[in-house]
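Participant: Residues per chain are reported as follows:
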Amino acid sequence: MERVIGIDLGTFNSCVAVVENGTPVVIANRGGYKVTPSMVAVTEGGKRLVGHIAKRQAVTNAENTVYAAKRLIGRKWDTPQVKNAIQTCPFHIVEGPHGDCRIKMRDKVYSIPEVSAMVLQEMKMVAEDYLGEGVDKVVVTVPAYFNDNQRQATKDAGAIAGLDVIRIINEPTSAALAYGFGKNIDRTVAVFDLGGGTFDISILEISSSGVFKVISTAGDTFLGGEDFDQRVIDWLVEGFQHEHGIDLRQDRMALQRLKDAAEKAKCELSAVTETEVNLPFIISSARNEALHLQRLLTRSTLEELTADLVDRTIQICELTLGEAGLDKDEIEDIILVGGMTRMPKVQERVSKFFQREPCKGVHPDEVVALGASIQGAALVDESPELDMVLLDVTPHTLGIMVVGGYFEELIPQNTTVPTSRSKPFTTVRDNQTAVKILVLQGESRRAEDNELLGEFILTGLRRAPAGQVEVEVTFEINADGIVSVHAKDVETGKEQSITVTATSGLTEDEINEMMVDASDYAIIRRQDEAAEKIRQQAETLIAEIERLFPEVQSIVAGSDFGRDAIEKARGVVDNARTLLERGDVAGLQDELESLGRTQRMFKGVVGKSA
Amino acid sequence: MPEEKIPRLLQEADVRGLELTAQEAFVHSCIDGVLNLEDIADVTVLTPSEVLAAVERLIGLGAAEWVTPKASSGPPQTELIEDVDIDEALQQRINETFRRADKLNHYELLGVATDADRAEIRKAYFALSKTFHPDAHYAKHLGSFQPKMERIFKKITDAYEALGRPKKREAYDRYLRQSLAVSAAEEQMHRMEERAEALSRALTKAPVMEHGAQPSAPESNVAGRIFVPSHPGTLTPGSPEHERMLRKRELLERRLKGRSMRPSSTRQPVQATPRPTARVGKKEALRDLTRSLRQTAALTGGVDRAQRHLETARTAEAEGDLAAAATALRMALALDSSRTDLQEDYRRINSRLRVQLVDIHREQAKYEEENAMWAAASISWAKVADASPEDPVAPRRAAKALLAAGGDLRKARDFALRSLDLAPDSLDTRLVLARIYIEAGMENSASKELDEAAKLDPKHEMVKNLRKQLGG
Chain V
1 MERVIGIDLG TFNSCVAVVE NGTPVVIANR GGYKVTPSMV AVTEGGKRLV
51 GHIAKRQAVT NAENTVYAAK RLIGRKWDTP QVKNAIQTCP FHIVEGPHGD
101 CRIKMRDKVY SIPEVSAMVL QEMKMVAEDY LGEGVDKVVV TVPAYFNDNQ
151 RQATKDAGAI AGLDVIRIIN EPTSAALAYG FGKNIDRTVA VFDLGGGTFD
201 ISILEISSSG VFKVISTAGD TFLGGEDFDQ RVIDWLVEGF QHEHGIDLRQ
251 DRMALQRLKD AAEKAKCELS AVTETEVNLP FIISSARNEA LHLQRLLTRS
301 TLEELTADLV DRTIQICELT LGEAGLDKDE IEDIILVGGM TRMPKVQERV
351 SKFFQREPCK GVHPDEVVAL GASIQGAALV DESPELDMVL LDVTPHTLGI
401 MVVGGYFEEL IPQNTTVPTS RSKPFTTVRD NQTAVKILVL QGESRRAEDN
451 ELLGEFILTG LRRAPAGQVE VEVTFEINAD GIVSVHAKDV ETGKEQSITV
501 TATSGLTEDE INEMMVDASD YAIIRRQDEA AEKIRQQAET LIAEIERLFP
551 EVQSIVAGSD FGRDAIEKAR GVVDNARTLL ERGDVAGLQD ELESLGRTQR
601 MFKGVVGKSA
Chain A
611 MPEEKIPRLL QEADVRGLEL TAQEAFVHSC IDGVLNLEDI ADVTVLTPSE
661 VLAAVERLIG LGAAEWVTPK ASSGPPQTEL IEDVDIDEAL QQRINETFRR
711 ADKLNHYELL GVATDADRAE IRKAYFALSK TFHPDAHYAK HLGSFQPKME
761 RIFKKITDAY EALGRPKKRE AYDRYLRQSL AVSAAEEQMH RMEERAEALS
811 RALTKAPVME HGAQPSAPES NVAGRIFVPS HPGTLTPGSP EHERMLRKRE
861 LLERRLKGRS MRPSSTRQPV QATPRPTARV GKKEALRDLT RSLRQTAALT
911 GGVDRAQRHL ETARTAEAEG DLAAAATALR MALALDSSRT DLQEDYRRIN
961 SRLRVQLVDI HREQAKYEEE NAMWAAASIS WAKVADASPE DPVAPRRAAK
1011 ALLAAGGDLR KARDFALRSL DLAPDSLDTR LVLARIYIEA GMENSASKEL
1061 DEAAKLDPKH EMVKNLRKQL GG
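For the protein sequence lines, the chains are V and A, in the order given. In this text, residue positions in the first sequence follow my numbering: the first is 1, and each later residue adds one. In this text, residue positions in the second sequence follow my numbering: the first is 611, and each later residue adds one.
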């Protein structure tokens, strides 16, 4: 049986684990550390450095030291997230040839997966040193909220590193796996994962039979420890500017020193209530006089500076619970993952929200890698103690673009995979012989706001008037999370399909062009279901009222008030009828309330007299 | 079964330019791409061979063609023995489950009782997941079993999702309970007819029996319509048996009058028989059945039994169990068909029961529509339509559901026409009908319907769209 290692490829730190004799263990690197910084640098002499050694020289080589590449993986050049990174990162981010972003170190430009591959390669070596044998199969974790482009780019990174990524799993799911492994418990748990760069919350059911089922998951790929650091940096920079009139952000080296100091201070404040940030000789003044930065940071100041960030995590928790259809008290345990969950304020808010103390038994930095190694072993190992199955969900809605630039959902978010869904569509133009299927992922009604995963054209449709050619589009997600899309001309049975191998190689312009282009090939949903639903509601109410009419009439006709009510009811029904006949759905929707009121009133009258 | 061929018209051909006999033109007008030769023969009252001749001539003229109707997608015909890495028992289980998955309700699919608690449901789902999730057989060659397993997994996940959350389960349970209650009530009423008939036969044949005697076993093959009471005494007047029966009736009536049998106005139950509350589950229905049978057994022709039944009926009615009330009244009536008050009561209860059942069917249909169970929805709407012949909505929605389910287009058309009869000015129904015709390839009829629809609302989006679809 082949060994499969598990790698938690973090924004700032990575960790590798393996299952040995049925027990998952974290593997320490040559320096004895269990986590390795996800940092890559190229020295003046052109030497590549990865991990601790890269981190140690970061201050003196800030422009050629890359960290947090994970924030850029699978992202397009022309996105606010990348623009923001360009503003704040000391290394050089440049535009790639396919609208992607790349990183320049010394005189060479690297793609993001290449940079991540360097980290993965380092982790692979750590594992191989420990195991004394070659390793090539790996389970890599990603934030649950990663879209398919980001997942694919992570897979590509594995391939570049010479690893066979047998599965990409979600970090919180992985943590739950490690938490529940060998425990023999039946429990509903929440995993609160606030890492260096991303925030995820997942709710899972764990069963003693070894099944882990994700109920729902949500998150924010741009909310993590780095944002907390940034608040501290801003506070320090503003204070310094106030005092000396110098903007430290303009100096890349000062910025790197600030980053380290801010992170260090933030971490210290998890244990103590105040700490001093001391950066001597941070910069020289205009008069060539050395300036020092020295400031006292208290825990309460830090909490003030970052209050909205913590708020946001709690909001997302609330949303996810709603999505799962669960009450807070149904959550039986909370697993805290990620370094940021060491912050007392975070723990306090989480406990307060769930009205329960989080579980203390897991190591927030190691648990994800442990889970990945367990999943790897469970897949290839058939021994009973590893007899477990992970039922994960798709974190984003999958669909296609339809005429008008709208996004038509096919597989909703939080659907357990593997799954499949079909919907019929029809052509929009006369003699339209081709349909372009744009596969998108996201939650926006507008297609262009969502992530484009891939596209293909179904050609050779028979020539027919608009609307007459029916195209059935089927989405499938298999257990590996691979999306495939089939489009079929229902009449001729002609079929075309793609396996969506998402890449981020497209610019916004290209996409816009594609969207315009695609409108020529667009298709529409066969029926407007929402309108249909309103019509049906109205019909049911009318039928119900009509049914009760004679009885109500005989009961209340004696009084003026009753006759008045009857007349009004008649008016409401007639009006609704007219709207129904005219197909005025909007009008009908407004009328639903009066219909409902009339129906309730009628029911009340009949009920009382019975 | 040999492959059935169906004639279909070719659009391009202009019929007026062809030299056709009247018979051929008649056949031409009936070809709709749905009817087969025999159907057309039925419609035209021609012989199948005449129809065949006409169709072949039309084909010769390039006005029609033969098509083979789409085969219904049944279970995969070939389950070849594949070289896969899973054992035969599991292969069999996968095939078996795959075949049955569509027919089972959520509880049956998960293999749990309907009163199973969440933990049991969860346990059952998780156990099944471990069998059917493809990951459980990672890196093994699964061949055609892989898609089957994925499909089964999706089904059990749907079932778990519907049952695993209290609110969703409530809605599903209500739906399921109603399905069972309705079929139980219908079954009960069906049996009631059988029993009532058997009873009246027994009354006509045998002299008044002693208490405790066994009644004759109900005949099983009575095809009684559920709602319509078939009155006892269907014997030929004038026959000796008929005479005997009349005499017995007379006798019974006289005894009846001797007692004070005015129905009491109070609803106090005389018999302290606990009645099932409002909705009848299958179990309750069964219990009712045994009870009624026992009551039947006790029926020894004593007319006080009729009163007993009447009181049972009152209690049941007070508790809202209309099916039981109707059953009891029917039994009372069988014992004493001459009492107009009983007849009146029976009619009243029966019509209330009908309303109740229609309400349930309507609710069922709505749930089915919401969950895209179109085939089921079409059946439910059809039931509503049958029970409330004055309601134009039900047949229309039955037609719509059939359309969505890809069901029988002829039935769909009939429903739509029925709805149109009741409400000729319904744009919606016209559109449904037009869509049915389009689906059936009957473009002339479709375009006629659209003309009618356009008269009602020329600006309607759907009318315009469908017209475009027709290329007009």
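Do not rely on the hints blindly, as some may be mistaken.
[As the list claims (entries may be wrong)] Okay, the calculated beta carbon distance ranges per label pair:
(1) V:Thr-433 to A:Glu-675: 47 to 55 Å
(2) A:Pro-776 to V:Leu-592: 22 to 30 Å
(3) V:Val-606 to A:Asp-1024: 27 to 35 Å
Since the hints were derived computationally from the structure, they do not count as laboratory data. Please read all numbers here as calculations on a predicted model, not as lab measurements. For glycine and all other residues, C-beta sits at the position ideal for the given N, C-alpha and C.
Participant: Each of the hints needs a verdict: does it hold here or not?
Facilitator: Each hint tested on the structure:
Judged by the Cβ atoms, the range 47 to 55 Å given for V:Thr-433 and A:Glu-675 is violated: they are separated by roughly 23 Å. Hint check: A:Pro-776 to V:Leu-592, Cβ distance near 27 Å, so the stated range 22 to 30 Å holds. About 33 Å separates the C-beta atoms of V:Val-606 and A:Asp-1024, a value consistent with the hinted range of 27 to 35 Å.
Hint violations for this structure: number 1 only, all remaining hints satisfied.
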